[in-house]
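Chains as they are written, first to last, in our numbering: chain A, 1 to 112; chain B, 1001 to 1112; chain C, 2001 to 2112; chain D, 3001 to 3413; chain E, 4001 to 4413; chain F, 5001 to 5413.
It should be emphasised that the hints constitute simulated quantities derived from the structure, not laboratory data.
Treat the numbers as computed from the prediction; the structure is a model and nothing was measured.
Be aware that a few hints might be false.
Once the Cα atoms are required to be at most 25 Å apart in a straight line, the calculated DMTMM-like pairs of lysine to aspartate or glutamate come out as [stated by the list, open to error]: (1) K1085/B - D1075/B; (2) K2040/C - E5395/F; (3) K1034/B - D15/A; (4) K1040/B - E1106/B; (5) K2002/C - D2054/C; (6) K34/A - E2032/C; (7) K34/A - D4194/E; (8) K2034/C - D15/A; (9) K2002/C - E2050/C; (10) K3197/D - D1015/B; (11) K1072/B - D1088/B; (12) K2/A - D1075/B.
Quick list of the computed label-pair ranges, beta carbon to beta carbon [claimed, not checked]: (13) G4261/E - D1095/B: 47 to 53 Å; (14) K85/A - G4259/E: 47 to 53 Å; (15) G2105/C - D5194/F: 37 to 43 Å; (16) A2049/C - R38/A: 48 to 54 Å; (17) S83/A - K5311/F: 27 to 33 Å; (18) G3190/D - A2049/C: 18 to 24 Å; (19) H1011/B - K3382/D: 49 to 55 Å; (20) H1011/B - G3389/D: 20 to 26 Å; (21) G4379/E - G5097/F: 49 to 55 Å; (22) D1095/B - R2038/C: 45 to 51 Å; (23) A2049/C - E50/A: 41 to 47 Å; (24) K3382/D - G4261/E: 23 to 29 Å.
Backbone N, C-alpha and C fix where the C-beta goes; we use that ideal spot for every residue, glycine too.
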Amino acid sequence: MKKIEAIIKPHKLDDVKDALHTLGVAGLTAYEVKGFGRQKGHTEIYRGAEYTVDFVPKVKIEVIVDDDLATKVEDAIVEAARSGKIGDGKVFTYDCAGAIRIRTGERGPDAL
Amino acid sequence: MKKIEAIIKPHKLDDVKDALHTLGVAGLTAYEVKGFGRQKGHTEIYRGAEYTVDFVPKVKIEVIVDDDLATKVEDAIVEAARSGKIGDGKVFTYDCAGAIRIRTGERGPDAL
Amino acid sequence: MKKIEAIIKPHKLDDVKDALHTLGVAGLTAYEVKGFGRQKGHTEIYRGAEYTVDFVPKVKIEVIVDDDLATKVEDAIVEAARSGKIGDGKVFTYDCAGAIRIRTGERGPDAL
Amino acid sequence: MAAINVGDTAFMLVAAALVLFMTPGLALFYAGMVRSKNVLSTTMHSFVSMGLTSVLWALAGYTLAFGSAEGPFGAIVGGLSKLGLSGVVSGVSGVEGHLIPESVFAMYQGMFAIITVGLITGAIAERMKFKSYLIFAGAWVLLVYSPLAHWVWGGGWLGLSGVGALDFAGGTVVHIASAAAALAAAIVLGKRKDYGKPELVPHNLPMTLLGAGILWFGWFGFNAGSELAADGVAGSAFMVTHLAAACGMIGWLAAEWIGHGKPTSLGAASGAVAGLVGITPAAGFVDVLPGMLIGLIAGVVCYYGVRIKTKLGFDDALDVIGVHGVGGTTGALLTGVFASTAVNAAGADGLLAGNPAQMLPQIVGVVVTLVFSFVVSFGILKAIDATVGLRVDEETEERGLDIAEHAEAAYVF
Amino acid sequence: MAAINVGDTAFMLVAAALVLFMTPGLALFYAGMVRSKNVLSTTMHSFVSMGLTSVLWALAGYTLAFGSAEGPFGAIVGGLSKLGLSGVVSGVSGVEGHLIPESVFAMYQGMFAIITVGLITGAIAERMKFKSYLIFAGAWVLLVYSPLAHWVWGGGWLGLSGVGALDFAGGTVVHIASAAAALAAAIVLGKRKDYGKPELVPHNLPMTLLGAGILWFGWFGFNAGSELAADGVAGSAFMVTHLAAACGMIGWLAAEWIGHGKPTSLGAASGAVAGLVGITPAAGFVDVLPGMLIGLIAGVVCYYGVRIKTKLGFDDALDVIGVHGVGGTTGALLTGVFASTAVNAAGADGLLAGNPAQMLPQIVGVVVTLVFSFVVSFGILKAIDATVGLRVDEETEERGLDIAEHAEAAYVF
Amino acid sequence: MAAINVGDTAFMLVAAALVLFMTPGLALFYAGMVRSKNVLSTTMHSFVSMGLTSVLWALAGYTLAFGSAEGPFGAIVGGLSKLGLSGVVSGVSGVEGHLIPESVFAMYQGMFAIITVGLITGAIAERMKFKSYLIFAGAWVLLVYSPLAHWVWGGGWLGLSGVGALDFAGGTVVHIASAAAALAAAIVLGKRKDYGKPELVPHNLPMTLLGAGILWFGWFGFNAGSELAADGVAGSAFMVTHLAAACGMIGWLAAEWIGHGKPTSLGAASGAVAGLVGITPAAGFVDVLPGMLIGLIAGVVCYYGVRIKTKLGFDDALDVIGVHGVGGTTGALLTGVFASTAVNAAGADGLLAGNPAQMLPQIVGVVVTLVFSFVVSFGILKAIDATVGLRVDEETEERGLDIAEHAEAAYVF
Ligand SMILES: Nc1ncnc2c1ncn2[C@@H]1O[C@H](COP(=O)(O)OP(=O)(O)O)[C@@H](O)[C@H]1O
Ligand SMILES: Nc1ncnc2c1ncn2[C@@H]1O[C@H](COP(=O)(O)OP(=O)(O)O)[C@@H](O)[C@H]1O
Ligand SMILES: Nc1ncnc2c1ncn2[C@@H]1O[C@H](COP(=O)(O)OP(=O)(O)O)[C@@H](O)[C@H]1O
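Please model the complete structure; the sequences and the hints are all you need to start from.
Written out as structure tokens, the structure is:
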């Protein structure tokens, strides 16, 4: 199995979710993160003091899929999350050694 | 070493933590995530407009352990987190190539 | 490529980010987590009832880098995040099998 | 219309507005203490009382409470001539020289009914069906609150024109009555699934503290306004109200500091509310130092009072009984101890002013209110439980009532 | 200075403070409904009106609205003798026996201008440039609000001394005028980028509910205070205001429960506001049951009113038109139905009191206000759009206006 | 009891309630600006003053401030006949025709003491031991605030019956005194560990803005109420208070927009407060345009004032000195410039009304207050530091004072 992690712009989450759903991916997990990268942050002002905030809000999604689905998932994410502007984010892929569905105890790809 | 990630129902966190503690696991890390899967979300209504929210609040825990403890940890999580209902979540296992304790600089299993 | 995850004290985030930036790391992702470990939690009191809170607020950072940079990144994090007190946190390293930059579709180390 | 007193009217218009404002304050006070998945549900309990109770009060509650006390049932319930607030728009209330428009009086009293219902809801948090709550609240206003208000303030058998129980601003009618209903509700509803678990901590204490601040502010309308005139007694009621709140805070914090080693902000807020509850029946009847003492005692006693639930094993989620029941009872009894006609000629002397006999009506007031409210509330709740059902199902409780009952999420940060 | 009435002055000082307090309440009410990246921007819309509108009101607005109605243009706009509030510090206002310092009157009226501007901003949320908003707000106070206030309350052609439209506390001047401006703004600005997407849900409903509570509280100053005296009419305005809010809440919740199967907390708050809007023009003119009916109808009608935008396809982000336009119109017309000189001799009889002719001025009042405010607002907005530009760029809208326009983040938990 | 004026009493009862409400407002204002781990600690600083200061005020503060000014020490401190508010319940205050119950006067003044202590705490945020704060606050009320209030308002040597400094509502007694104490505290406590780091940004600006809204609302009670009657001067004080707040907001925003290119919501709130501070001493003495000018100047000057701390290198965490010190001083001096007996016959003429001599007592008032409060505060703080210790340990500061000092977490979302 493969674990695919994507860091995307927050408002792309729904599109990515829908794209993966169409692909037959049964589940995914998402959470809010702060990203630091090429996309510039911003300046904040509080009573005359200026602060530079380098981090930009992003959403990270994680989806574990069977090996043969991995490339399709990567491509689907890239397509759904792309706006063409700096800060669109990244997709990273890792090996996943095991999976269990807690409810049933099923293991491996069946657990997905 | 192995990294074990589990996505569980939020109110199971304390039970899982206790189960792992009993097993001799020295530490773990947890955070709130939003899950999309078989468990249905819900409908929200704001001034007559209905929105479907597919994501369900979950907690993700991560624990890095020595290889020989991995299966026990998996089993302990499954047992502590199971309610038998849809949405109980998953346990995923990955290889971990290195670990360092920041305070001391210890490396490998000693760092856990 | 390698993925390096570090769990650190929240107020060390800026120092770590700066250290990695100096090292030439182009991007990283951070989020807030709750840690359970050797560092003790605290007691809370609400209308006479005492609750023990075992979890301590931490920040987790993730950075994916080319293999040859990995050790330097580990060392830089350890150095920047260390205070010498319990709860300084851990650095974990994993293999990363693939990376894509969403904006351009670049793959592998070029995507970082 | 007979000549109204403009100054008194000005004061009572504002006092009525202040008492209304207490209910959103109470909503915050309570909602800050629940988990974030039940914030809106808890807020709605108080908010909807501003709608439902107000309507019922206008239709029937006011006349049941403040309609004529003449006639065969006059000691028990007000006459029905003011159904739908008939004639109120051009009536006047009060005593010669201090007349105010009856519209103002009727609304001022209606605000008391609203918040009294709101107070009960601390006991039902995080598990009661909204629909069942509405039925309960409506029935309670008409069957418990309105008669009680009539007994004590409407010329009925329990107040100054009857048994002689002193209750300046609602120690019995408001606080003890709501706490007795809360007790009934906690018993009939049963404990929350997660009762006793560490996750049951307040989700937003700044919200609770703001609520306490609003309550304190509004309580001036509640207590000083109960004089129905901007006179010296209103001034003295204002003074002891403020100082009792202050002393209640100090009392609770001191007890907590000694007992747990730390003074908490929830303790400060709870102590202030306890002091305010304690002084409510006494407000226009006692001098400064007795007023401060009442506040201090209420603060300390309620600090211990909130532990009763753990002892007795019922889940009074937000401590209605520990604060309003215990504090209200303490205040009602101490009113009998400290009341003085030197402060208010229209009141009575208490124990320390040489009139131990005043303790009797005070005790009667407490016991009657407790028993009456508890029994009727219990009956209403059991009837609802047997028909519509009182409690949400397990999955709703787990997921939170905001989404399940109201299809909303409180926060999306 | 002629002898002022101390009681009335006491009341009006407090009423003015209460109306001021409505604006922070409105800020919360609105800000809770936007996304967390636009909280401060939305709050600022209301807050800055407390600065900008107040200053313009003092400099020119007051005299345009309440300056002398004599002279050739007296029916259209007030004379300029009170520019800069000249002479107000020692003037008096009102009728013999109920005189109050003119300073109090001028400020009381100024608070209305502030919140009316604030109301409009529900339509511009999450996409308008701050600078352009300031220009619009300033122009609107002087070109729309001040003349309108003169027409209706300042002795101009539309009010009791002219056409005879009844508007006790601002159904036209405040609610319909702001809604018409909101409509113009929604049209000229266009929809938000994410209009229709699920992410557009309220970020903090407890904030909105607190805002609604403050609005309700302050509305007593708004409606009862509009009598400018602490008398029986003020009392009756207070009474129907409260009950209409209650009935509005019940009406909206009932419609929602039937329509969607769930009663929401946002529905409760919106319904209460709808009821308050509906009763505003009628407040001092109608008896209890008509007042309750107006509230109930407003609650139900506005529940359907907020859907207009989806039908017509403009993005009135926080439903100014659906609530204030629809509710204000409903109230203005129903005032013509239910008004009664038995309640207020200084008013007029309406349809049900045998005077169907009163419907005409009511309709004229609604239409004139709608058209005047819409047309002038549209013109101002188009002019700004053609010069400074109205709308933030796409990236700003995506990132949120708080950071881009104000260099601040609302929350750092 | 001599005949009280009902209208004035109505007004002052409400004014006292409004001033009390400012303290929860201040708590929000401050707490929104700290980090989320110190929210409750900061809130408690203000809240506990409602308990502690009130009790000390009742026991001794009131008599020290407003006890008899006769006798050998009468110019320095009030006589002790009113210890424990003895006799206040049946006393009256004020001038013939405008008498109010002394209970109302005593509480009204007590509310000033409460918030003055609260103001200081902006300087001690995020690092002072709670226990040490309590000792400091208690000592300060009795040793600094009460004598100062006596000097200026209690018939002592500094006010109208002495040197002749004009201070309508507390520019010196409240704002300069608290700022001087804040300066002492910032110096003695030292900087926060993380001073200067980017993480020191406000955690919840909507909370701060709500606090500012409540402060503005309550300030009407503070300034207009300082007339102690609902008359024309109260009206004019109300008017300039409101307009100065508005102008302060505009002033700060303009300065910020020019200086940083962006107008912030914290700037709007801070500017409004600066305007309110500036007008406080002048409120009942100046006409509209001077009042607006004072507000505008205060807004601009305080915008620069908050930078002093960076220059001088002390950590006045929430800018007590920059806003209340600078604003209060500006206001006190400008009162000497703009005061006019045409506005208030009981006041004095200032520079522009042809009485340059008035500048002297104004300067004396500022300097005396600054020096007196700073020196005594410094002494108290040093004494506490040497015994109990002032500052929490490093780990507590890192973890946050909420958990370490109060065993609570503000938020659990
Ligand atoms: N090497 C990296 N490791 C982990 N996260 C990264 C890395 N590089 C970028 N990111 C994440 O991806 C986001 C987008 O990257 P950025 O450099 O801003 O734009 P782009 O993806 O267009 O090159 C960052 O905000 C960060 O969260
Ligand atoms: N393939 C997956 N990849 C990542 N997370 C998943 C995946 N499938 C499920 N999850 C996570 O597990 C949670 C539970 O899954 P769900 O399908 O609802 O129930 P069950 O575990 O009973 O099959 C989801 O909410 C999601 O967070
Ligand atoms: N085995 C582990 N797996 C995952 N996270 C861990 C593990 N051990 C520790 N952590 C994380 O590291 C943090 C610091 O660990 P702790 O034991 O408190 O101190 P130290 O790092 O000094 O040994 C914990 O709060 C937890 O978040």
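Hint numbers contradicted by this structure: Violated hints (numbers, rising): 4, 5, 8, 9, 14, 17, 19 and 22; every other hint is consistent with the structure.
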